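A.B. asks: Each chain, letter by letter, is given below.
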Amino acid sequence: MKIVRPAKAGTMESNDIYIMVYPNENGNEIQLDSIVLKQFGNQIKKVIMDTLNELEVENALVVAKDRGALDYTIKARVETAIKRACE
Amino acid sequence: MRRSMLFIPGNNPSMIQNSPFLGADSIILDLEDAVSLDEKDSARCLVRNALLSLDFNGCEKVVRINSISSGFGYDDIDAIARIKPDAFLIPKATEDDIEEIDSLISTIEREEGFKLGCIKLIPLIETAFGVEDVFNIIKSSKRIVAVLLGAEDLTADMGIKRTKEGEEIFYARSRIASVCAALKVDAIDTPFTDVNDFEGLRKDAEKAKLIGMSGKAAINPRQIDVINEVFSPSFDDINWAKRVIEAYEKAKMEGKGVFALDGKMVDAPILLRAKNIIEKAKAIGLIKG
Amino acid sequence: MINAVKREIPEFIEGYGKVKPFMGAYANIGDVVKTSVKIKSVKPNDKKVLPSIKDALLKCGIKDGMTISFHHHLRNGDYVLNMVLDEIAKLGIKNLTVAASSIFPCHAPLVEHIKNGVVTKIYANYMSGPVAEAVSKGLLKYPAIMHTHGGRARAIESGDLHIDIAFIAAPTCDTYGNINGVEGKSACGSLGYAIPDAMYAEKVVAITDNLVDYPACPIEISQEYVDYVVVVDEIGDPKGIVSGTTRITRDPIGLRIAKLAAQLIDEVGLLKDGFSFQTGAGGTSLAVAAFVKDIMKKKNIKGSFAAGGITGYIVDMFEEGLFKALFDVQCFDLKAVESYKNNKAHQGMSASMYGNPHNKGAVVNNLDVMILGATEVDIDFNVNVTTGSNGIIIGGSGGHSDTAAGAKLAIVVTQLTKARLPIIVDRVTTVTTPGETIDAVVTERGIAINPRRQDLLEKLKDSNLPIFTIEELKNMAEKLTGVPEKIEFEDRIVAVVEYRDGTVIDVVRQVR
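Protein chains in written order, with full-length UniProt numbering: chain A, 1 to 87; chain B, 1 to 289; chain C, 1 to 512.
Because the hints were derived from the structure by calculation, they are not lab data. Please note that a few of the clues may not be correct.
For lysine to aspartate or glutamate, the following EDC-like pairs were computed, each having C-alpha atoms within a straight-line distance of at most 16 Å [as the list claims (entries may be wrong)]:
#1 A/K45 / C/E485
#2 B/K282 / C/E224
#3 B/K280 / B/E229
#4 C/K408 / C/E436
#5 C/K418 / A/D71
#6 C/K479 / A/D71
#7 C/K360 / C/D31
#8 A/K38 / C/E488
#9 A/K83 / B/D55
#10 A/K8 / B/E39
#11 C/K479 / B/D55
#12 A/K83 / B/D38
#13 C/K418 / A/E13
#14 C/K344 / C/D316
#15 B/K142 / B/D102
#16 C/K341 / C/D316
#17 B/K164 / B/E199
#18 C/K324 / C/D273
#19 B/K203 / B/D236
#20 B/K120 / B/E100
#21 B/K164 / B/D194
#22 C/K18 / C/E224
#23 C/K259 / B/E229
#24 C/K479 / C/D426
#25 B/K115 / B/D102
#26 A/K8 / B/D38
#27 C/K293 / C/E319
#28 A/K83 / B/E39
#29 C/K90 / C/D64
#30 C/K259 / B/D225
#31 A/K83 / B/D102
#32 A/K8 / B/D41
#33 A/K46 / C/E485
#34 A/K38 / C/E485
#35 C/K47 / C/E224
#36 B/K280 / B/D236
#37 C/K59 / C/D160
#38 B/K120 / B/E60
If you're wondering where the values come from, they're calculated on a predicted model, not measured in any experiment.
All chains, full assembly: derive it from the sequences and hints.
C.D. replies: Okay, here's the thing in structure tokens:
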């Protein structure tokens, strides 16, 4: 899928993650801010990247503000943001 | 067992992931009224991922989809049926809707290799027409396992006032309870909307139970304990049922056809009632075995 | 060396001294010696009221390297610690040890005094906010020493913690040093934590914003211990001192946990006449009290006492006749203050009477049930309430270890996960309370009983409660959240966690 416009999904509420997606020139890129960055930063980035790959996205800048979301929420919010950015 | 069915907003991860541990028998993940129009896609995706990854602790997993007429319903069914929820709750259900949804789900079940008919349906009866047509609605699909009464929309549809005492829905409750008993599906009562009035909730639930409703929807987790309590057999009920069955076993051994307990004749309907209580108590875990 | 909770502890810690390793919760109880105090007795005509804190400091002979103490009944509204330290800093004094029973966010100005070398050592039973962060980052010259409430009383009485000057925040004080906490605009109720300080410090200064004519009755801390009295405009901010009301949680998960905990207490047979109970003021802990109250009323049970920091909710139970008496070391809200003032059987207690393991019997020993919180619990049932999972100090034992050791049934109530962090883990970041004193962990998804308590497991074998092993709960948590990456620490020790008997149960190292 090709990102054609900025889009967002999710909320800043506890156990959620706020995802903003922008078109990106050089491949996929993630900027992550999380309340559990030390403990789960790498895992959160991995889920975001896996979701991008699954949706065959190659040009996304993902800006994520995490409030302790579990993996299923991260995946869902990224999927929604990407779909909104592509339609 | 559907004593309590808890509504959970479909776009709220905190509430979704905690919902299976609040004591409700069924969880209704809501894509309809609890989700704003511009978040329908987001909630659908979240509920789908939640159902795929979370442990629901034995709770029945029900998804309230948007109505077919809203335009969101088709996408909801397509996204959610493919991950095999236990049931869909269908708002403002009509015979036509149920038939259409039944066939859509059948197609998906075939495509996904699921057992045909494994996904159940629960029509939400929330119009005067729905109340009058409830028999035909239930008859319109073999998938239907329960009916949920939605009294807020129903009273709005009829242009009458909704009260805490609920006299205005006596007929709707009675009709649904009777039809559900006739067709052997569960009759789930409308939610009690004052989430801070637990005495009122108890009275309302007891009233519904007396008429023949078998469970009740909850719109706040704090309502669950009261609802479960009301719709579970009491310890007195269980003890009575145990004694009836003991007396029956004894009479059978002694070759007696009829027998009495506490000076009253025990006939087939009473025996059946006792057996039902024991079955229910076992299912809830109130008695072992 | 490795102590009894499997923690690697040095034999000697710079700025702390030789380490006595933790050997077990009850290994170090028996013959003890209390210290003597050097005081200056007064003549009949001596006056105690002084015009300023500075005068009091000079009269007390303040000098470099002294230990000064504070108590925390004014909680996050306290002005006294900051006022006194500002005066001391102005006098150019350095290398002080501050022994505060607790340190709160309102004590942020202390960070500057730490940076400037005015304060180089801290004792506290609990610390949160900027000071705790500064300590965690290694700003304090020597390691902070974290006590329990009972352990602090023990340390003072034994002489392990020698106090040169104790400052008593006095909501009401008379001209000859009699103090109470029930009158005045800064009324906070019981002054239990200040009592060992008053009895064992060489000098005692009462700081009050309500000076009254002699005698100030009722007397909680008496004139025989107080050297000087200083009047200030305000000793604290009433909004921070006591909360208007303490409320039980409305969070459905908190309520679920509380209900399970109350059922557990009932099913193991402890809810009967003579029942004694303590719970913290946190929303979930208080909700346990609410469910316990329901069961007590339903079964018509008359309890013996409730203890600890007292909340309005516990006062309600007492006033409804569910408990014969209350033991109060600190009031958490206005209702508790009111009741402490008016009800005869609402009894004050000192920190020593509350939890000191080295006296002739503390109130914690009489507790049937204690409800505790946790930031982490490990598979040995060790509990951390000292550091967050990021290694920063966010609290401390307070009465946690004392009550856990004393109560017949010590229950930890916690969510299984909080904002993606698993609460039940292989190994807690810091051991505050040893697992041998924790009997059960109750989460919304299940209950684990300490295998040491086979008697409880036996009682619960036909129970409908969701009983799991602690490992099963840990796996459930990790299945949801994943396994967190290990936090890295520097070698430097920033805090020493003492068990209530004065042995070292763990150390906190500087966060990287």
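A.B. asks: Could you run down the list of hints and mark each one as holding or not?
C.D. replies: Outcome of the hint check:
For the proposed pair A/K45 and C/E485, the alpha carbon gap of about 14 Å is at most 16 Å, so the pair holds. A hinted pair counts as satisfied when its Cα atoms are at most 16 Å apart, and B/K282 with C/E224 does not qualify at roughly 68 Å. Between the alpha carbons of B/K280 and B/E229 the distance comes to roughly 13 Å, so the proposed pair stays at or under 16 Å and holds. Among the hinted pairs, C/K408 with C/E436 is consistent with the structure: their alpha-carbon atoms are about 12 Å apart, no more than 16 Å.
For the hint pairing C/K418 with A/D71, the CA-to-CA distance comes to about 14 Å; that is within 16 Å, so the pair holds. For the suggested pair C/K479 and A/D71, the alpha carbons sit about 11 Å apart, so the restraint of at most 16 Å is met. A C-alpha spacing of about 11 Å is found between C/K360 and C/D31, which places the hinted pair at or below 16 Å, so the restraint holds. As the CA atoms of A/K38 and C/E488 are separated by approximately 9 Å, the hinted pair is consistent with the 16 Å bound.
Restraint check: the Cα-Cα separation between A/K83 and B/D55 comes to about 27 Å, which exceeds 16 Å; the hinted pair is violated. Note on A/K8 and B/E39: the hinted pairing holds, with a Cα-Cα distance of about 11 Å set against a maximum of 16 Å. For the given pair, C/K479 sits about 10 Å from B/D55 by alpha-carbon distance, which is consistent with the 16 Å threshold. Annotation: proposed proximity of A/K83 to B/D38 holds, straight-line Cα distance about 13 Å (limit 16 Å).
In summary, the hint linking C/K418 to A/E13 is supported, as the alpha carbons are separated by about 13 Å, within the 16 Å threshold. The hinted pair formed by C/K344 and C/D316 meets the criterion: a straight-line CA distance of about 15 Å does not exceed 16 Å. A hinted pair counts as satisfied when its Cα atoms are at most 16 Å apart, and B/K142 with B/D102 qualifies at roughly 9 Å. As the CA atoms of C/K341 and C/D316 are separated by approximately 15 Å, the hinted pair is consistent with the 16 Å bound.
The suggested pairing of B/K164 with B/E199 holds, with an alpha-carbon distance near 11 Å, which does not exceed 16 Å. A distance of roughly 11 Å separates the Cα atoms of C/K324 and C/D273; the hinted pair therefore holds under the 16 Å criterion. Under the criterion of a C-alpha separation no larger than 16 Å, the hint pairing B/K203 with B/D236 is inconsistent with the structure, at around 19 Å. Under the criterion of a C-alpha separation no larger than 16 Å, the hint pairing B/K120 with B/E100 is consistent with the structure, at around 14 Å.
Of the supplied pair hints, the one linking B/K164 and B/D194 holds, its CA atoms being roughly 9 Å apart against a limit of 16 Å. Distance check on the hinted pair: C/K18 and C/E224 sit about 35 Å apart at the alpha-carbon level, beyond 16 Å; violated. For the suggested pair C/K259 and B/E229, the alpha carbons sit about 14 Å apart, so the restraint of at most 16 Å is met. For the hint linking C/K479 to C/D426, the alpha-carbon distance of about 14 Å falls within 16 Å, and the restraint holds.
Of the pairs offered as hints, the one joining B/K115 and B/D102 holds, with about 14 Å between alpha carbons and a cut-off of 16 Å not exceeded. Note on A/K8 and B/D38: the hinted pairing holds, with a Cα-Cα distance of about 12 Å set against a maximum of 16 Å. A threshold of 16 Å between alpha carbons decides the hint, and for C/K293 with C/E319 the separation of about 12 Å falls inside it, so the pair holds. Of the pairs offered as hints, the one joining A/K83 and B/E39 holds, with about 13 Å between alpha carbons and a cut-off of 16 Å not exceeded.
Between C/K90 and C/D64 the alpha-carbon distance is near 13 Å, which keeps this suggested pair within the 16 Å criterion. Taken as a hint, the C/K259 and B/D225 pair is honoured in the structure, with Cα atoms around 10 Å apart against an allowance of 16 Å. Restraint check for A/K83 and B/D102: the C-alpha separation of about 28 Å exceeds 16 Å, so the hint is violated. For the proposed pair A/K8 and B/D41, the alpha carbon gap of about 12 Å is at most 16 Å, so the pair holds.
Straight-line distance between C-alpha atoms of A/K46 and C/E485 comes to about 14 Å, which keeps the hinted pair within the 16 Å bound. Our distance criterion of 16 Å between C-alpha atoms is met by A/K38 and C/E485, whose separation comes to about 7 Å. With a C-alpha separation of about 13 Å, the suggested pairing of C/K47 with C/E224 holds against the 16 Å cut-off. Of the supplied pair hints, the one linking B/K280 and B/D236 holds, its CA atoms being roughly 14 Å apart against a limit of 16 Å.
A hinted pair counts as satisfied when its Cα atoms are at most 16 Å apart, and C/K59 with C/D160 does not qualify at roughly 25 Å. About 11 Å separates the Cα atoms of B/K120 and B/E60, which keeps this hinted pair within 16 Å; it holds.
Consistency note: the structure conflicts with the earlier hints numbered 2, 9, 19, 22, 31 and 37.
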